Structures are given as structure tokens and as C-alpha cells.
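**Student:** Keeping their order, the protein sequence lines are chains A, B and C.
The first sequence: position 159 = 159 (the UniProt record's numbering), numbered continuously.
The second sequence: position 641 = 641 (the UniProt record's numbering), numbered continuously.
The third sequence: position 85 = 85 (the UniProt record's numbering), numbered continuously.
Among these hints, one or two may not hold up.
DSBU-like cross-link-like pairs, simulated, lysine-lysine; straight-line CA separation at most 35 Å [said to hold, decoys possible]:
#1 A:K334 to B:K421
#2 B:K159 to B:K341
#3 C:K67 to A:K39
#4 A:K334 to C:K67
#5 B:K159 to B:K143
#6 B:K344 to B:K154
#7 B:K397 to B:K639
#8 A:K334 to B:K742
#9 B:K74 to A:K39
#10 C:K162 to B:K26
#11 B:K591 to B:K528
#12 B:K419 to B:K742
#13 A:K334 to B:K419
#14 B:K591 to B:K569
#15 B:K591 to B:K341
#16 A:K282 to B:K731
#17 C:K162 to B:K639
#18 B:K731 to A:K334
#19 A:K282 to B:K742
#20 B:K231 to B:K207
#21 A:K39 to B:K26
#22 B:K26 to B:K207
#23 B:K26 to C:K67
#24 B:K731 to B:K344
#25 B:K267 to A:K39
#26 B:K153 to B:K344
#27 B:K267 to B:K231
#28 B:K639 to C:K67
#29 B:K207 to B:K129
In case anyone wonders, no lab produced these hints; they're calculated from the structure.
All values reported here derive from a predicted model rather than from experimental measurement.
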Amino acid sequence: MNRFEYTRAGTVQEAVQALAADPAARFIAGGTNLVDLMKYNVERPGRLVDITRLPLDEIVAHDGGLRLGALVPNATVAYDPLVNERYPLLASALLAGASPQLRNAATTGGNLLQRTRCYYFYDEATPCNKREPGSGCPAMTGVNRIHAILGASDTCIATHPSDMCVALAALEAVVQVEGPEGRRSIPFAEFHRLPGDAPQADTTLRHGEIVLSVDLPDEDFSQHYTYLKLRDRLSYAFALVSVAAALEMDGDTIRTARLALGGVAHKPWRNAEAESRLQGKKATPETFREAADVILAEARPYAHNAFKVELARRAIVRGLSQAAAGTPQSQTDKRIA
Amino acid sequence: MATPSRYVGTAQSRQDGPAKVTGAAKYAAEFTAPDLAHGVVVSSAIAKGRITAIDTRAAEAVPGVIKVLTHENKPRTAWLDYNYRDQVAPPGSPFRALNGPEIVYGGQPVALVVAESFELARHGASLVKVTYDEEVPNTDLEKNRGAAYVPPKKRSGIKPPPDPRGDAAGAFDKAPIQLRQEYRQAIEHHNPMEPHASTVVYEGEGKLTIHDKIQGVNNTQGYVCGVFNLKPDDVRVITPYVGGGFGSGLRPQYQLYLAVAAALDLKRSVRVVLTRDQMFTFGYRPETVQTVALGADRDGRLQALTHDAVAGTSTFEDYQEAVVNWSGLLYHCPNVTLDYKLAKIDTYTPSDMRAPGAVTGIFALESAMDELAYATGVDPLELRLRNYAERDEGEGKDFTSKALRAAYEQGAARFGWSKRKAEPRAMRDGRELVGWGMATGVWEAMMMQSSASATLMPDGKLELACSTADLGTGTYTILSQIGADALGLDLDRVTTRLGDTALPEAPLAGGSWTAASSGAAVQAACRKVAETLFGYARGMADSALANADFAHVTFADGEIRLQTDPSRKVGIADAMRAGGVATVEATETVKPSMLTAMRYSAYTHSAVFAEVKVDEELGVVRVTRVVSAIAAGKILNLKTARSQILGGVVMGIGAALEEESMLDHNLGRIMNHNLGEYHVPVNADIHDIEVIFVDEHDDKVSPLGVKGLGEIGIVGAAAAVANAVFHATGKRVRELPITIDKILA
Amino acid sequence: MLSDSGSSASPGTIPVTLTVNGQERRLRVAPWTTLLDLLREELDLTGTKKGCDHGQCGACTVIVDGKRINSCLALAVQKDGARVTTIEGLSSGSLHPVQAAFLEHDAFQCGYCTPGQIMSAVALIEEGRARSRDEIREHMSGNICRCGAYANIVDAVEDVLKGKSSSRSSSVREAAE
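Produce the entire structure from the sequences given, and follow the hints as far as they go.
**Tutor:** This is how it looks when you write it as C-alpha cells:
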């Protein structure tokens with residue numbers, strides 16, 4: 001871990017100014033990913049601005065929905081009664097991720113900003129375009145079992161590791177940020193980005209911008225939802241493929257459909273055409289398969305991750321079936337409903 | 001002397017338990033010393049080539065960094081390979097850290113940064129700049145199979161495959177049922193929870209006290225003395241607790257070499273702890289490709305068996321383990337050919353990992369037997385019984401004991417095997433397919449030379465001691481139980497000391513031999529103490545035991561009593577007083593019987609039954625139930641013994657479903673080198689595991705009738721799970737681990 | 001108020017006050033010192049273990065302000081003012097019920113993951129969210145045991161949970177407050 005200065009911010013303005021004044025500065029909150037990466041020398045901040053004492057740690061009603069302060073721990077969100085009543089998909093996704101210890105420390109804002117688990121990104125002995133732009137991507141010809149099948153580029157095939165973000169994508173959350181140029185709202189779909197030719201940037205956040213909150217809109221997917229996560233062991237592992245499905249139903253007809261995939265792309269993956277094709281249709285496996293086919297038509301697998309295409313196809317069908325039936329996946333009973 | 005079993009054979013809580021549950025137990029990295037310096041290892045970024053430059057200036061410029069050791073400035077150490085060979089080294093040239101600019105495997109240590117604090121050393125390590133001349137690494141076993149060779153020099157303690165018997169090829173061709181398949185075992189890393197660490201306390205005048213993560217302190221002592229030309233009297237190794245070994249701590253690892261080199265160079269105490277990532281830069285269970293061919297008649301009786309294995313090893317040592325030998329002794333078969341070869345790849349040398357060879361070989365053999373069961377329509381358990389080996393046909397010897405039949409019966413009964421539907425895909429629980437599979441396990445029951453001391457203290461307490469290690473195996477507790485019974489003392493009056501070269505020498509804790517070996521040594525030492533006490537008692541004026549014979553007395557409740565008339569007795573304290581001694585001490589050494597070894601084969605056996613539930617569509621396999629029935633001679637402590645088997649089964653489930661170190665062959669580097677991406681089982685993966693110990697009286701295998709339990713729990717577990725997966729799905733996965741992608745394939 | 005680590009030329013140590021196992025400790029720590037390294041290297045509380053140093057094993061689990069966390073990923077300076085309970089602070093004299101249950105059920109072998117397992121279990125009981133064996137398994141899945149004592153760990157935790165259903169011991173509450 002490199003040497004760095006440590007600053008504790010008392011207000012949001014101080015925090016923003018501290019970062020604006022120092023291009024090598026980074027915010028730190030729960031630290032569960034940043035400290036991890038610093039120990040691997042992947043992140044080498046010159047200054048850490050500790051934001052844990054900022055007043056961003058509340059869950060409040062907002063605009064008919066809920067506003068999750070950026071510093072609310074993942075566990076707090078997961079067990080919050082209002083979240084569970086109105087956005088059980090989010091609670092379920094959070095409980096599918098990490099461990100109780102990590103969920104106690106990791107924050108809402110930090111979860112948005114966690115970085116890929118690509119082996120090569122984490123290993124400074126190897127080239128990596130995300131870590132060191134221009135150095136190359138050995139994952140493409142190397143061990144790529146966990147890598148992206150959608151939206152990758154010639155520079156990077158990493159995936160976004162968050163479970164929470166997959167649910168937030170489906171729920172069309174809005175990220176409120178404040179920066180040197182003031183506040184702005186970022187629709188969730190625009191918060192994370194695809195690697196393109198700049199894989200070093202995971203998000204559209206600019207230097208100095210701080211996440212204030214994640215706002216959940218006034219919508220009701222509390223009856224027909226699921227978070228289905230498939231991984232290499234039954235807990236405490238990142239997703240190979242995950243599905244966040246949220247439906248509004250009229251009897252057995254789908255009125256509104258939201259579907260986001262985790263583990264398959266550089267960001268939580270949504271496909272507008274697939275979702276619109278679901279709308280107005282009867283909730284049947286055939287309908288779901290058709291949606292899956294639309295999403296996966298553009299899949300581009302590598303040597304070891306071709307299975308993810310078929311796994312995603314089946315997970316989409318199962319996840320949508322669970323959501324339509326109102327039988328969401330339990331995160332403790334490991335039988336898949 | 002009769003020794004009634006008041007404690008041996010019962011369930012006793014661990015004597016080391018209170019220290020472990022309160023955090024008081026100190027592991028190798030937790031000893032300290034005044035003026036302790038901290039070393040952090042810099043690992044090679046390449047797998048093959050040469051260091052052309054190593055720039056340590058930035059690291060050395062950090063205030064608090066004391067020294068950076070590299071191949072350019074490391075202290076002079078022994079010249080000959082011989083001096084680097086430890087007790088279990090395979091043939092070849094042992095790896096020497098910082099020996100020169102050559103890089104022979106990925107993650108090889110290239111520098112040690114020593115600093116005043118751990119954080120400073122870690123920071124310094126990140127500043128060392130190494131430039132390499134890189135060569136293309138060769139790490140793909142598949143590409144090297146063609147060049148596989150029979151190891152010219154055999155590894156001491158590892159039997160090569162027995163000579164062929166009969167004509168396996170001819171018999172196979174004639175057999176009505178023929179089956180030939182290839183099976184693969186992925187590289188696995190031990191990953192004990194405690195990372196490897198060495199704290200070297202510089203005592204002055206060249207004397208060292210070393211706390212090393214090792215499964216036997218004498219191995220560390222011998223290695224350090226050989227490499228650094230020190231006298232055993234100057235090197236004391238003390239490691240009372242080992243945070244898991246599973247074989248990774250059998251050989252001294254490079255952190256020991258580096259810590260000692262730095263301590264001697266700086267004349268200062270040094271601690272070196274490896275990172276979790278660096279735990280992937282030394283020994284591992286080797287990748288192995290195996291072919292098993294079974295020829296049988298139509299009712300499943302084996303006529304021909306061939307089992308070939310090719311395993312990876314390093315370019316510098318020929319690591320060997322018994323992969324195929326089991327196939328020569330587990331079943332009755334007149335025609336058997338076994339073959340074991342190595343292929344060199346640019347990795348570190350593999351090392352023994354829990355049931356080395358057996359995990360690998362039995363997975364293949366027991367998968368093939370399962371395939372034969374389906375091919376012949378014979379129930380898998382019935383197939384094993386039809387081919388039951390009454391003798392070790394590989395070596396032509398009788399077994400010292402073999403209660404495998406009882407293990408099959410009791411395991412099957414407990415599991416409910418008779419309710420199994422024979423057809424695959426015939427059992428369901430809701431959406432999930434249910435599969436029941438079984439396999440046999442086998443491991444050699446070994447005994448090694450061991451010494452131990454027993455000291456009866458003035459306060460009537462007994463202290464037992466020997467140098468072996470308790471890796472969580474229960475050794476502290478079982479030795480105390482043996483001592484308590486031998487001298488008729490309450491268990492809480494008996495303590496055991498381990499893990500110190502100042503104590504009588506005992507073997508490395510490995511191979512499941514510790515209980516048989518050190519247990520016998522403790523019993524012998526206690527018997528000697530008893531004889532001395534009896535001598536004092538008989539010699540007392542008006543002794544109640546005046547004419548008694550040692551063979552006819554019992555030690556119980558602090559007294560020596562005549563068996564036929566317990567009212568004739570002498571208190572142990574009185575005997576000591578009469579003998580004019582404050583303590584009675586004895587040190588004894590026991591050896592295995594060569595005669596028994598020549599005449600008999602000694603093995604532990606198991607019958608493992610597993611239930612899986614498979615969401616076939618999504619490839620998710622859950623192991624919902626395991627019954628492991630064990631025939632392992634006398635069981636000393638039912639509680640710790642059960643835990644040993646549970647742990648073996650859990651690691652077997654890991655091997656079956658999760659564990660794989662993934663090599664990038666372009667880089668020659670293991671990429672998932674952490675516990676986030678190398679998956680070992682977590683709590684949610686593990687459900688009901690039942691352990692049965694069947695009665696197995698054995699008066700030949702070892703003086704106590706003990707066979708050992710460290711390995712047998714894992715053997716067969718992966719095959720049982722794989723066979724259950726087939727029964728559930730009809731899909732045969734012959735390559736471990738059975739991950740989602742392989743179920744979907 | 002923006003508080004700074006001191007001179008920008010050479011980062012110095014920072015004053016931090018922690019209440020560790022009920023005892024207030026006024027310390028100066030470097031900003032890159034994790035809570036885990038502080039406990040083990042500076043305070044000689046080696047009961048908290050380093051198994052992976054990356055939040056992937058749970059051996060370093062401690063309870064900070066009533067919540068279980070991985071101390072390896074927490075910078076000590078960030079925990080200024082916090083109350084920290086480690087395995088050493090769990091019992092005084094007699095064993096904590098969770099420690100006793102681990103001993104009784106042989107819920108460990110090598111002992112290295114054990115303090116983390118026990119701290120996690122103490123917190124789990126206080127959280128009150130896990131009741132069934134499935135729930136215990138899931139809520140203990142952040143603590144890896146390579147010796148494979150999981151079945152016994154679940155037995156131990158279940159035992160304490162059942163015994164504690166009516167009245168929790170004060171030591172549990174103290175540790176996980």
C-alpha cells in the first residue's frame with residue numbers, strides 16, 4: 001500500500017473541494033473495495049478523503065419513493081422495513097452479495113463504485129487496460145471464465161461485480177451527485193459505462209463528484225420480482241450470471257417488465273427491446289425465452305465463458321418465471337424456486 | 001499391567017480448545033521479539049526467464065526500510081542440494097529462494113524487503129522494480145503429456161506402482177464389458193487459514209529461536225541447520241499451534257529461508273508472513289490426467305484393470321504420490337496394470353495435499369466403477385461387494401484388518417441406500433433432480449518412529465511431550481487421553497506439550513500416522529513410568545504389593561492396585577515418596593514392526609454415500625447429505641475423530657464442486673490466487689454429514705491398534721459426489737471440479 | 001471541519017482514540033494501518049487473525065460499534081471514537097456462551113478461523129435475523145473454515161440461539177451493543 005495523506009471531511013462541500021484540489025485524491029467510505037485494491041497496489045491514491053462522517057446516512061421518503069443516503073451501509077438498506085416493503089428486489093440483491101461483515105461496512109455509494117473482479121485487473125504483474133490503459137488485455141486469450149459476454153470491447157472484457165447495482169438498474173434508480181460544478185442527477189443506466197476504448201473509467205462520475213444518494217422512484221414492483229444469482233458456490237461468491245426481474249402484472253399478462261443482468265457485462269445489462277417485447281404478453285416460458293433470445297443475440301463469448309450465454313438464457317427464463325409467479329428467490333434457502 | 005480405557009475411545013473436548021476459543025493460542029506470526037523487523041516478499045511477475053535488473057533504491061530510500069535482500073546480495077548459504085533437502089523432499093534440486101537471476105515459476109520470490117514495521121516493508125516491496133528477460137512459459141500439462149516419463153528416482157516413502165499381474169490388455173480385449181475413460185483432477189491449493197509465516201528470534205551468538213508454520217519442527221530445524229550451516233543446539237524451533245496444514249506445512253517453505261537469511265544477515269529478529277496470494281506460489285495438488293480401463297464379465301466381476309496417470313511436476317523436482325496403486329489393492333482382479341508418469345511444467349513443485357494421490361486416483365477408479373455399475377446394471381454398492389478384495393493382491397499380502405464390508409453395510413443402512421432407484425434421473429424433489437452416489441475410500445495406515453516423554457510431577461500431574469504438531473487433528477487431546485489411561489489419572493491432570501525441538505523427536509504430522517506413532521511412544525513412556533513406580537511401591541516396607549507382578553497390577557485413581565484384589569494397593573504419591581523422587585520421568589522410542597510390514601498390508605477404508613440435489617437447468621449442485629462410514633482401527637477420541645472426518649468430507653466436496661487453481665498458460669501464472677476467486681466451501685455449501693466408525697480390531701497395525709484419520713475422510717468423497725451427480729442427471733462429469741459450466745455442457 | 005493528517009511533505013501519524021474491549025486507548029496511527037494490523041501488531045491482540053487480508057475469509061472479524069466487520073479492510077484512522085470488541089474482550093474469567101458452545105461441539109480444529117467465527121456468531125445472535133439452520137449457514141458464510149468444521153459451527157450457534165431465545169446473556173449484549 002502506498003503512502004497517502006488522510007483527510008476527514010466535515011461537510012459535503014469540504015469533501016468536494018478536497019478532491020477538486022488534488023487530482024490524486026480519492027474518497028473513502030466503507031473501504032471494503034478501496035483498501036482491498038490499495039493492498040494490491042491497483043489503487044494508489046495520494047490522499048484519502050474520509051467521508052464517513054458526512055450526513056448522508058439516512059433512508060428517507062422522497063418524491064413518492066425512497067432516498068438512500070450514499071453512506072447507508074448495505075446491511076441497513078437490506079433490512080430496512082420500507083425498502084423491504086416497497087423494493088424487496090433491492091433487499092434481496094443486497095443479501096445475495098458479499099457477507100454479513102462486508103455488508104455492514106460497505107456503503108450504498110461505495111457499492112456503485114466497486115471495481116471489477118477480473119483476475120488480471122487485480123494482479124499488477126499482468127497487463128490490464130483498465131488498470132494501465134494501453135498495456136493490453138490478457139483475459140481475452142487467458143482465463144476468461146468469469147468475463148463479459150455482452151457489451152465488451154477490444155480493450156476490456158471485465159464485468160461489473162455488484163449485485164445491488166443489478167437491482168438498481170432494474171428499478172431505474174437515479175444517482176444524485178455533487179461536484180465542483182454543482183449537483184446533477186444521473187439516471188442509473190447512464191451511471192456505469194461500457195469499456196469502449198476507455199476501460200479505465202467504470203462510471204460517468206467525474207473527478208471530485210461525490211455520490212449523495214440513490215433515489216428509488218415511485219413504482220411498485222413489490223409483488224412480482226426476483227433476484228436470482230448463479231455462482232461457483234452457494235454463498236460469498238461473485239455472480240457468474242445474475243438476473244434482477246421486476247414485473248407489474250395484470251392477471252397473467254405482463255403490464256411492465258424490467259430485467260437487468262449481472263455478471264455478463266461491464267455494467268448491469270438491460271435491453272429495452274427485450275423488455276418492451278415482454279409488455280402486454282402472457283407470462284409464459286415461451287415469452288420469456290423470446291426475451292432472452294433478444295438479449296443474448298448479441299452475446300460474444302470467449303474461450304471459457306461461452307456457458308454464460310446458455311446460463312443467462314435459462315436464468316432469464318427462470319427469473320422471469322419466479323417474478324411472474326410472485327415466488328422470489330430466497331437468499332438463504334438455496335433451492336432455486 | 002492392565003490399562004482400563006476410561007478416556008481412550010470416548011468423546012473428549014480438545015485440551016487446546018480454551019486457548020483457541022479465547023484467542024490465546026499463538027501461531028507462528030504471533031510470537032514477537034524485542035527489535036523485531038518485518039519482511040515482505042516481492043514475487044516474480046513472470047513464470048520463466050531471467051532477472052536482468054533489480055532496482056531496490058526506491059525501497060531502500062523509504063525511512064524505516066532496513067534492507068532489501070535479492071539474489072545479488074543475499075547471504076552465502078550451502079552449496080550442495082543435499083543441504084536443502086528436507087525430510088519429505090522429492091528427488092531433484094530443492095528450490096532456493098534468491099539463488100540467482102533465473103525465474104523458474106510464476107510468483108517465485110525475487111526479493112525480501114525488511115523494515116521496521118509490516119506496513120513499511122509492504123510499502124517498500126511495492127517499490128522494488130524488477131526487469132526481466134521473459135521466455136515463453138510451459139505450464140500446460142496437456143501439451144506435455146507426450147513427454148511424460150517414469151520418474152527415474154523414486155521418492156522416499158512413496159511406493160511406485162506395483163508390477164503388473166496377469167495380462168490386463170489381453171483380458172480387457174476378451175471381457176464382455178469394456179469401459180475406458182479419461183479423468184482429470186485440477187490443481188488445488190491447500191489454503192490453510194493461517195498463511196505461512198516464520199518469526200525468527202535472533203538470540204545472539206548465532207543462536208536462533210524460530211516459530212515456523214510447519215507440520216513438524218524437526219524438519220524446520222534440520223533444514224535451517226543444513227542450509228545455513230548451523231548446529232542443532234543453536235536452532236530451536238517452537239510452534240505450539242499450526243493454523244491448518246493439509247500438507248502445505250510438511251516442507252519448509254521459502255518464507256522460512258528468507259526470514260532466517262535476513263535474521264542472520266542483520267543479526268536481528270525478523271518475521272516474514274506470506275500474503276494469501278503468495279500462498280499460491282508454492283506446493284499444490286498436481287493436475288493429473290488419468291485413464292482407467294475396466295474389463296468385466298456381465299455381472300460386473302472385474303477381469304482386467306488398467307490405470308494410467310500423468311501428473312505435473314516442476315522442472316526441478318520429481319514430486320511423486322501414489323495415484324494408481326490403490327487400483328491394485330481395492331478390488332479383486334486377476335489382471336492389473338498400473339502406470340504413473342510425470343510431465344515437467346514451469347510451476348513450483350507440487351506437494352502432498354490431504355490424502356495425496358488417493359484423492360486423485362480414487363476419484364478416477366471410483367468414477368469408473370460407477371460407470372461399470374451402470375454398464376452392467378449392477379447396483380454400485382453390490383458391484384463393490386462382488387469385487388471385494390480379501391487380500392492385497394497388488395503386494396500379495398493379507399491385510400492387518402479390513403472392516404470395509406461393515407463400513408459398506410452400516411453406511412448404506414444409515415444412508416437408506418436400499419431405497420435408491422437404480423435408473424439415473426429417477427428421483428426428484430420438486431424441481432430438483434436427486435442423486436445418490438457412493439464410493440470407496442482407502443488410505444495407507446502407517447506408523448513411524450517416534451519418541452515421547454512422560455513426566456509424573458510432584459503434584460501428581462502428568463506431563464507428556466514430543467515434538468510433533470497438532471494441526472487441529474486433536475493430537476494434544478488424544479495423547480493426554482492415552483497417558484491418563486496408562487497411569488490411571490484424571491484427564492485434567494494430564495497435559496501434553498508439542499511442537500518444540502527441545503522435546504523428544506516425533507515425526508512430521510502427516511500421512512495420518514501421528515496417532516499411531518506418537519500415541520504408541522506416549523504409551524511406552526507411560527509404561528516405563530508405571531514400571532518405575534511399581535518398583536518403588538513393591539520395595540516399600542510392608543508393601544501391599546510386595547510379591548505382586550507388574551503384569552497383574554492396574555493403575556487407577558492415583559493408585560497401583562492388584563487386579564485380583566484391589567484392596568491391595570499403593571498410592572502413587574506414596575510410591576514416589578518411598579522411591580525418594582520428586583518426579584518420575586521416562587522417554588521412550590517406538591518403531592513400526594518391520595516383520596508386520598513384510599507380512600501384512602495396512603489400510604484404512606471408508607464407504608462414502610452422498611446425496612446431491614441438482615437444478616439441472618441452471619447447473620446448480622447442492623450436496624444435501626453425506627454418510628461416511630470409516631474402518632480405521634481403534635478410535636481414540638470420538639469427538640475429534642468425527643471432526644477429522646467431517647473436515648475431510650468438506651474438503652472432498654470442495655474438490656468435487658469448487659476447487660481449481662486456474663493457470664493462464666500464456667503467462668504461466670495462476671490467476672485466481674485469492675480466496676475470493678479460488679473457491680473453497682463456505683458454511684452454506686455444507687449440510688448434514690454423518691460419520692460412522694465401524695468396529696475394527698487390529699492387533700498388528702500399531703501398538704494401539706490405531707490406523708489414523710487425517711486423510712481417509714476426504715478419499716472417495718469427490719467420487720461419491722460425482723457419482724451422485726450422474727445418478728441425478730445422467731451426465732457423467734469426469735473432470736473435477738464439477739462446476740456449473742460442466743453441468744450445462 | 002476539515003481535519004488533516006498534518007504536513008503534506010511526510011505523512012505523519014494521526015491521533016486516534018479507540019475503546020478496545022472496554023478500555024480506552026489513545027493512539028497515534030499511520031493512515032495506512034488497518035484496524036487488524038493495529039490490533040495485532042500494536043496492541044498485541046493477536047486473537048484476531050489475518051487469513052487473507054482482503055475481506056475474503058472472515059478470520060479478522062471484530063465487532064465495531066455493535067456491528068461485525070472485517071478488520072482487515074478498515075483503516076484504523078477511520079474508526080476514531082469507535083468501540084471495538086475482539087475475541088480477547090468476549091470473556092473475563094468464564095467463557096462466553098458462544099465460546100463454550102464451540103468447545104462443546106468441537107466447532108473448530110486448527111483454531112485459526114475460530115476467533116472470527118465466534119465474533120461473527122456473537123453478532124449473528126445479537127442481530128436476531130438467523131433462526132433456522134439454513135439461515136445460520138448463510139449468515140455464517142462470511143467466515144471460511146478450511147478444516148471444515150461447518151456442521152459443528154452450526155450446531156454450536158443453534159445451541160446458543162435456542163438457549164438464548166428467552167434471555168440473552170449480558171455479555172452477548174455487551175459485546176455486540
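**Student:** Would you check the hint for K731 of chain B and K344 of chain B, treating anything up to 35 Å between C-alpha atoms as holding?
**Tutor:** Distance ~32 Å between K731 of chain B and K344 of chain B Cα, so the pair holds.
**Student:** Regarding the pair K153 of chain B and K344 of chain B, is the alpha-carbon distance no greater than 35 Å?
**Tutor:** holds (15 Å)
**Student:** Has the given pair, K639 of chain B with K67 of chain C, been kept, meaning a C-alpha gap of at most 35 Å?
**Tutor:** holds (33 Å)
**Student:** Check the hint pairing K67 of chain C with K39 of chain A against an upper bound of 35 Å on the C-alpha distance.
**Tutor:** holds (24 Å)
**Student:** Given the proposed pairing of K267 of chain B with K39 of chain A, does the C-alpha separation stay at or below 35 Å?
**Tutor:** Holds, at roughly 29 Å.
**Student:** Given the hint that K267 of chain B pairs with K231 of chain B, does the C-alpha gap stay at or below 35 Å?
**Tutor:** Given that 35 Å is the threshold and the Cα spacing comes to 17 Å, the pair holds.
**Student:** Check the hint pairing K74 of chain B with K39 of chain A against an upper bound of 35 Å on the C-alpha distance.
**Tutor:** holds (26 Å)
**Student:** Measure nothing beyond the straight line between the CA atoms of K26 of chain B and K207 of chain B; if it is 35 Å or shorter, mark the hint as holding.
**Tutor:** holds (22 Å)
**Student:** Is K334 of chain A close enough to K419 of chain B, meaning Cα to Cα at most 35 Å?
**Tutor:** holds (25 Å)
**Student:** Given the hinted pair K231 of chain B and K207 of chain B, is their Cα-Cα distance within 35 Å?
**Tutor:** With a Cα-Cα distance of about 9 Å, the restraint between K231 of chain B and K207 of chain B holds, given a limit of 35 Å.
**Student:** Decide if the proposed pair is consistent with the structure: K591 of chain B and K528 of chain B, CA atoms, cutoff 35 Å inclusive.
**Tutor:** holds (16 Å)
**Student:** Holds or violated: K334 of chain A with K67 of chain C, Cα cutoff 35 Å?
**Tutor:** Roughly 26 Å separates the two Cα atoms, so the pair holds.
In the structure shown, no violation is registered for any of the earlier numbered hints.
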